[in-house]
Amino acid sequence: MAVENVKAFKKEDFSSDQMVRWCPGCGDYAILRAMQVALAQLDRDPEDYVFVSGIGCSSRFPYYMNTYGFHSIHGRAPALALGVKLANPDLRVWIITGDGDGLSIGGNHFIHAMRRNLDVNVILFNNEIYGLTKGQYSPTSKLGIVTKSSPQGSIEVPFSPAELALGAKCNYFARVADNNPKYMASIFVEAEKFRGTSLIEILQNCPIFNDKIHEPIVGRDHKDDTMIILEHGKPMVFGKERKKGIRLNGLKLEVVTIGENGITEEDLLVHDAHETDPTLHTMLARMTVPEFPVAIGVIRQVKGSTFNDRVDDQIAQSKAISSFKTMDDVLRGGVTWEVA
Amino acid sequence: MTKETVVNELDRVVIKFAGDSGDGMQLTGSQFTDTSAMLGNDLATFPDYPAEIRAPQGTVAGVSGFQVHIGKITVYHPGDKADVLVAMNPAALKANMKNVKTGGTIIVDIDNFTTKNFDKAGFDSDPLKNDLLKDYSVIEVGITSLTKECLKDIDIDGKSVTRSKNMFALGMVYWMFSRPLDQTEKFLETKFAKKPLLIEANKKVLYAGLHYAETIEALASSYTVLPALYESGLYRNISGNVALAWGLITAAIKSKRTLFFGSYPITPASDILHEVAKHKHFGAKIFQAEDEIAAAASAIGASFAGALGVTSSSGPGIALKGEAIGLAVMTELPLVVLNIQRGGPSTGLPTKTEQSDLLQVLFGRNGECPAIVIAASTPANCFDFAYEACRLSIEHMTPVFFMSDGYLGNGAEPWRIKSLDDMPEIRVPLADKSEEDFQPYRRNPETLVRKWAVPGTPNLVHRIGGLEKEDITGNVSYDPLNHEFMTKIRAEKISKVADNIPELTVDGAQQGDLLVVGWGGTYGHLYTTVTEMHAEGKSIGLAHFNYINPLPKNTDEIFKKFKKILVCELNLGQFVNYLRMMKQDFKYLQFNKVQGLPFSVAELKDQFENLLEKK
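Sequence order for the protein chains is A and B.
Mapping to numbering that gives the first Met the number 0: the first sequence position 336 is 335, numbers consecutive.
Mapping to numbering that gives the first Met the number 0: the second sequence position 156 is 155, numbers consecutive.
Just chain A, with the same shape it has in the complex (with noise of 0.2 Å):
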């Protein structure tokens, strides 16, 4: 991708005074450093950064940036971001959340905000469990999970952001792992190009609660066949030699074998981000091990009009037919008599 930093920025310029305080291993740590990479090779001056949070361990990123910052309260972070965005759509917005924040008790935040696209980015921490509240299921967690709040086992079923926030009519969904912060840089910074709401889904590690919960599809040595990367434009290869790839049979999606039954690259599936229609997207978003690859990368990718685009046009437009110039015209505008 096109690398800008004409102002060449340091990573250091976007990192604060204050100790990071979370625990040793999290993969908090990779995400932290790869948002710094990512706005250093962006043109963007830090006072042109607000990162704004929920609660829960990831909420606690804004105070490590060297940005303006807001820390909010729990699962509303993305109501706090629209009124900055919305005050000053220059600013950049970057919205800090987790499993737990953006999906439980910030749900309804949650899909508004994928319905609206307001132009902020949105990075979800999934570590499919509580972490600052010490160890309890959350909703992404799967059923049947032993955590200190269910000792028996989860009963509860859990959804997928993804899904959710398709369904929401989210515009930019992309998904990544906490081990590769040199990819999950480029992602952050495709999706601060992004005009509208880019959701990024982190597999995130919680080395305390739920260590290695994402290990069957991110661990390193057999990581290239249980995640695909997906590229807008290119044909859905996968696996340690290039052999394996997604195709369309009928209505489902199925994991082939090039040179197997006669199947050629020809016969696979060719990502296309910008398709509207998201049916395929929420197709490839849904795969999980061990029966598909998890879908890595930009899955979908669809412009349209934003939220604070659509706010000011309509100011435009008032100001444009209105009669009242001044507020005096309105306070003195109707039915109105002269007392001598």
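If you are wondering where the hints come from, they were derived from the structure by calculation, not from laboratory data.
The C-beta atom is built at its ideal place from N, Cα and C for all residues, glycine as well.
Any given hint might turn out to be false.
Under the rule of at most 30 Å between Cα atoms (straight-line distance), these lysine-lysine pairs were calculated in the DSSO-like manner [said to hold, decoys possible]:
| # | chain 1 | residue 1 | chain 2 | residue 2 |
| --- | --- | --- | --- | --- |
| 1 | B | Lys128 | B | Lys80 |
| 2 | B | Lys277 | B | Lys193 |
| 3 | B | Lys128 | B | Lys100 |
| 4 | B | Lys279 | A | Lys192 |
| 5 | B | Lys100 | B | Lys119 |
| 6 | B | Lys279 | A | Lys324 |
| 7 | A | Lys168 | B | Lys279 |
| 8 | B | Lys185 | B | Lys147 |
| 9 | A | Lys168 | B | Lys277 |
| 10 | A | Lys318 | B | Lys147 |
Just a sample of chain A residues kept apart from chain B, beta carbon distances all over 12 Å, derived [to be verified]:
| # | residue |
| --- | --- |
| 11 | Pro23 |
| 12 | Asp210 |
| 13 | Leu247 |
| 14 | Asp266 |
| 15 | Asp271 |
| 16 | Thr281 |
Model the placement of chain B on the given structure of chain A, informed by the hints.
Only chain B this time, still in chain A's reference frame:
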């Protein structure tokens, strides 16, 4: 006038229009109001409607009413009892007859007085045929049938015919009070601009009502109310919620801030959202949020980014916003929270008025969480206090609650129009990019206000949040002594607002036997009662509070001048208990009402007289 009619000049008159909630009574009442205002009458209105959009027809629950009090002298409240009641059906009569003055006039639509409707309204038999109404002058008119007859040659559907009958009633009342029709004719021409047949039909019915009233012998006397004596100037009629919305916009313009209005619809506050949404041409950013919490949180985000963040609601919504308001207290950002109170608890009485959210806004948040609380006291001064809420929130970098209620919000009165130039300056404590060694929680030593450092400004990059702040730096701090220090500073900062608000004034006697104390929307009734009694020579004064937290600095001084203090409010005693806590040197009596209705002058007078007699 063709027939000889006695025209009585009256100082003031109360008229109530009542019917099914689909009968157009709110429109009828507001037309009468606008016409009277144009004639220069002073007035006060009180719409009274069911919570359901279309409650069951013909039942008492479904009755919608609109009371208007017009006067040649200044009127401060919509009136206790009506001189004239228009009852479109038995249920409207049932719901309102006890609120008609003895000897008053009741106009009924006889066409709706059927056995079925008596049952629905809960009458045992025809109320017009027993002696239930013997103390009133009852005028029986076939409003529905006369309307139908009048429109039989106009090609409109039956529903439109039925809907026009309110114009017949309005026409009759216009004649009774010698009102001209031109204002309402103009209104109809605008309202039905695309449906000329409806203009014709409604006007025809309006005139039919006027002529009918003039013709029938039943209306032997006609009333007129002469113009009130006003201070000279340009006037308009204004409702509390519209005045409030205009006050917000005016404050945003004056302070050169973008108005950000985050709201979730709720009765009786939604009209504020509707009104600000009409004025996007001033650059206001209007956000109908997904819920009350998002409404408050978005306003806080906007304030962080340099806008004037406002959120509106009523009690149930304020409960949901509580945590967010605490965040604004902690982050010391401007936030104006509008609470248009209604009957509670829980869903309570959505369309009825009450003052029972006072302790909620003063104390209903976790932690030591002080906020400024101010209250409007008339529909028109909702403009001034909305402006004042914005001024104090910005100048002191803290949330401000603006308290109103359903009665003020929906009520209307003439307003001597103010101009942007009449409004006080708003000093915005913005941090500048040239600031040396900027620290987000460094304070003005006098006011204890921190500076507003707006994202996008170089050199001021900082982080804030809901965790406790270290003094000066604003960094997260768990230090025990720092926490106590910051808690006290936040409280002291609010108490210092007393230096930036006007002193309390007293109406009526400036010292003496009885000081009546009120706050918010009860002003009209309290003022009328106290000043009338004072004029009769009673030793009685009124101290009405618009500033509740902090209290005006001269509060003690005023309380000291009276032998008895009686606190009157529409709850079980919230302000009186707040005073018992804040001003412990005094003994307080209390008078409370929790019926979803305003006080009446008569009941207040009873109370005050009793207390004055007891030595």
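Hints versus structure:
{"no.": "1", "hint": "B:Lys128 - B:Lys80", "verdict": "holds, 24 Å"}
{"no.": "2", "hint": "B:Lys277 - B:Lys193", "verdict": "holds, 22 Å"}
{"no.": "3", "hint": "B:Lys128 - B:Lys100", "verdict": "holds, 20 Å"}
{"no.": "4", "hint": "B:Lys279 - A:Lys192", "verdict": "holds, 29 Å"}
{"no.": "5", "hint": "B:Lys100 - B:Lys119", "verdict": "holds, 25 Å"}
{"no.": "6", "hint": "B:Lys279 - A:Lys324", "verdict": "holds, 12 Å"}
{"no.": "7", "hint": "A:Lys168 - B:Lys279", "verdict": "holds, 27 Å"}
{"no.": "8", "hint": "B:Lys185 - B:Lys147", "verdict": "holds, 23 Å"}
{"no.": "9", "hint": "A:Lys168 - B:Lys277", "verdict": "holds, 29 Å"}
{"no.": "10", "hint": "A:Lys318 - B:Lys147", "verdict": "violated, 46 Å"}
{"no.": "11", "hint": "Pro23", "verdict": "holds, 20 Å"}
{"no.": "12", "hint": "Asp210", "verdict": "holds, 27 Å"}
{"no.": "13", "hint": "Leu247", "verdict": "holds, 36 Å"}
{"no.": "14", "hint": "Asp266", "verdict": "holds, 44 Å"}
{"no.": "15", "hint": "Asp271", "verdict": "holds, 31 Å"}
{"no.": "16", "hint": "Thr281", "verdict": "holds, 23 Å"}
Checked against the numbered hints given earlier, the structure breaks only hint 10 and satisfies all the rest.
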